[in-house]
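Given next are the chains, with one letter for each unit.
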Amino acid sequence: MLERGLEEKFYVLNLGPQHPSTHGVLRVELQMEGEFIVKADPDIGYGHRGHEHMAENRSYLQFLPNLGRVDYLHALAYNQCYCMAVEKLLELKVPERAEFIRVITCELNRIASHLLWIGAYLLDLGAFTPFLYCFDDRENILDLLDRVTGSRLTYCYYRFGGVPRDVDDDFLAGCKAFARRLRSRYRDYENLVNKNVIFLERTKGIGIISQEQCVKYGLTGPMVRGSGIPYDLRKCEPYSAYPLFDFDIPVGSTGDIYDRYMVRYREMEQSLRIIEQAVDKIPAGPIMAEKVPKRIKPAPGEVYTAVEAARGEFGIYLVSQGDTTPYRLKLRVPSFGNLSILPEIAVDTLVADLVAILGSIDVVVPEIDR
Amino acid sequence: MATAAHSVSVFGMIAGLIGVMALVAVNALFLIWMERKVSAHMQLRPGPMEVGWHGAIQTIADALKLLGKELITPRDVDKPVYLAAPIVIFLPVLVSFLVIPFSQNLIIRDMHVGVLLILSFAALTVLAILMAGWASNNKYAVFGAIRSVAQNVAYEIPLLITLMSVILMVGSFRLTDIVAAQNRIWFVFVQPVAFILYIICATAETNRAPFDLPEAESELVAGFHTEYSGMRFALFFLAEYTNMFIVAALATIFFLGGWRGPFLPGLVWFLIKVYAIIFLIMWFRWTFPRVRFDQLITLSWKILIPLALANLIVTAFVLKLV
Amino acid sequence: MTSYVREILTGFYSLLAGMGVTIRYFVKPIVTVQYPREKLQMSPAYRGHTEFVLDPETKTHRCIACELCARTCPSQLIHLEGVKVGKKKLPSKYVIEYHLCSLCGLCVEVCPTQALQFSKEYRLAGYSRQDAVIDVFARMQAQQRRLGWPVTPIPEPQPEAEGEAEAKPKAAKAKAAAKKAEQPPEAEAAPAAPETPAAPAEEEKET
Ligand code: SF4
Ligand code: SF4
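Residue numbers (the numbering used here), protein chains in the order written: chain V, 1 to 370; chain E, 1 to 322; chain F, 1 to 207.
One or more hints might be untrue.
[Said to hold, decoys possible] Think about it this way: if two alpha-carbon atoms lie no more than 27 angstroms apart in a straight line, the pair counts; the simulated BS3-like pairs of lysine-lysine are:
no.: 1; chain 1: V; residue 1: Lys294; chain 2: F; residue 2: Lys28
no.: 2; chain 1: E; residue 1: Lys37; chain 2: F; residue 2: Lys28
no.: 3; chain 1: V; residue 1: Lys294; chain 2: F; residue 2: Lys88
no.: 4; chain 1: V; residue 1: Lys176; chain 2: V; residue 2: Lys88
no.: 5; chain 1: V; residue 1: Lys294; chain 2: V; residue 2: Lys235
no.: 6; chain 1: E; residue 1: Lys139; chain 2: V; residue 2: Lys9
no.: 7; chain 1: E; residue 1: Lys302; chain 2: V; residue 2: Lys195
no.: 8; chain 1: F; residue 1: Lys120; chain 2: F; residue 2: Lys28
Bear in mind the hints are in silico, worked out from the structure with no lab data behind them. It should be emphasised that the depicted structure is a prediction, and the values quoted were computed from it without experimental measurement.
Throw the hints in and build the complete structure from the sequences for me.
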């Protein structure tokens, strides 16, 4: 065989920015040898909108709608994190009913996010039909959330000190009905997806992430739980009303794609449990804290708050200099950290595996780009 | 059987050709509509509803749209090959129709080696896909083409072997003979394993999900026809659906007793059986995820070929004993 | 050997189970709505674009042109002018650039007189950005006309800067504007996703 230069042995394949399975505008530059990947290099920033900078140019309240656009799939967790940060600065106490409403809506949103992920992920693997079953279920959540938040995506619902619109009994009954409905569908999902031999072949033993790697790359959310580390902020650093509820943290064992899938799948059940308990126990009372200042002008100081979003730990670091606008607002988004492991686990896999791995990370690209 | 077919006149040939062309077009239109409806109802939605009765002529509207589209030829393609590929993929498809017995007398040319003709021409499809992928000068397209070649080579073997076990029972390559041999019992009951293997291989041969690797859209965008647009793309599409018809027709002839059936005329029975098989193949597509490429090859070499061979050997033994 | 056979059989069975699910759904009734023929009822909390609340007592809007909403709006899309009429201040122009609206609801919540509400209008489509500019005042006048209530005229500004306008031509103009504002949503039945009109440049990315 002739000696060839490196350039000829490998070739470059651009996966994206317009590719069916990059979920938005992500580009992965692949160095390939045949169908095997030698090097994968994610290229981000196509959807950069400057959210952090926007925060520095508007009042605290005016930044609220932006949060729904950072991660549009679990917008309510982002709403909550920001509200918690400002509430901490203002030393506001959120009434209990508002906390319960936040938990219920946030968990519904989490299920919606996971359902969408499951559907989209199966689409990546080439199965079209589960996608629409998931959307059928998700539609029910959107209808429910629509009733209280007024929107179906990009929610902007929580306010500093509470929530602006109370839930009614119909909504609570709807939550319970939804829990029943989703549970009745588990069997179909299991038969159609979870036990399917092709699905198992595609996911088991692929994209394994060890626990050390999880820690090294700062992974959070289902990525780290899939590898067997029960790290969930709702349990580790409880916030809002979560300590009042009884729920488990599903973890995987090997850290492959299948485990991550199962973690998300089983998390839906845990979220249902939280919702049911919250619906049963929701107290009466105000939904807005008293003495929410008309002009939000926190005293100088800095806070960091974090919530467990569907994709992992979402944190906000907020610095106030006693002005009406934040001095600095830093978003710690889970997808960014989670994507950083891709170059390491993608090596020596096939293109089809790369698509499966990329999907299993569950990236929301606008969130990475911010 | 079918002695008339030997004296084919020129007139008969031309009439047959026109008939085949019409059948190909109508069949593709119907199959696309059927696929849309099947997928839609499996996914709890109605599918096309607006153009015609339940969207029946939606496909015609789409075909007209495709006809009106600009034919884009990318700058760096290998032009002669690029242009020839859509036509080449269509030829074997047409030839196969020559030997398919739609009913007792409705057959253009009843050849001694009907099965072999269909299978050998079906192998030409790979050539067209390879041409399309290579000439497109697109990495995704080349991927699709290479996959397609490997896949078809791997699946033609079990396909032939499974059919062999039926041919062994009949003792003839002539399709009409095979149908005639099923006058007592359909071979699907005699050879269930062969039938299942045949359906799997046929799905792979026609590049249908879960074996649609040459055009796996979530990996390879559109695979070998990424760079084709307008009517050229439509020709690939047409060929895929016609191929489906052919493999389903073969399944009908080999396992479901061809045109045989009570009350209704033979042609109707034949078509009912063919579309039932096609429904089955569509059903696969809308249920399963796609297999990975190496798994596909493993499946063929480690499971399908041994099983097919075992089936063939058992058949031979039983035939010897009886 | 046995494990080989068992693997094949369990795999085969799992595939059949999956096919069982899809065929069951195949015969179930569909769940989608054929949009232009059937329409869904929007939920009571649905956020369309903002509009004036018609007070059943005074039969007009409640806005006092305090400009709080315009100043709160994160996208600065509310263009509002007020004039002094006697002691009270009244809006003479209230226009929103709906294509920039993020439907956050801050304007509705901040209003001291609860003069704003969300409309249930979701069938909006247009050919240019200009089509998304909604004259809230004219819309209210059209509503009043439909209800047979007295139509609130656009208040006369005190300073003479805008001169040429008299009460009547202005009302006629408002009428025309109202027509214009009303027409596009009705005339163009092109399906508009309820969420998408907001800020096309940045928000909803496909998944
Ligand atoms: S809903 Fe929000 S963005 Fe829209 S006009 Fe009101 S304040 Fe502005
Ligand atoms: S906040 Fe209310 S009263 Fe003030 S200008 Fe806006 S709509 Fe009018």
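A quick look at each hint next to the structure:
1. V:Lys294 to F:Lys28: With a Cα-Cα distance of about 53 angstroms, the restraint between V:Lys294 and F:Lys28 is violated, given a limit of 27 angstroms.
2. E:Lys37 to F:Lys28: Holds, at roughly 13 angstroms.
3. V:Lys294 to F:Lys88: Judged against 27 angstroms, a Cα distance of about 24 angstroms means the pair holds.
4. V:Lys176 to V:Lys88: 32 angstroms, violated
5. V:Lys294 to V:Lys235: Violated. V:Lys294 to V:Lys235 sits at ~34 angstroms, over the 27 angstroms cutoff.
6. E:Lys139 to V:Lys9: 15 angstroms, holds
7. E:Lys302 to V:Lys195: Holds, at roughly 22 angstroms.
8. F:Lys120 to F:Lys28: Roughly 32 angstroms separates the two Cα atoms, so the pair is violated.
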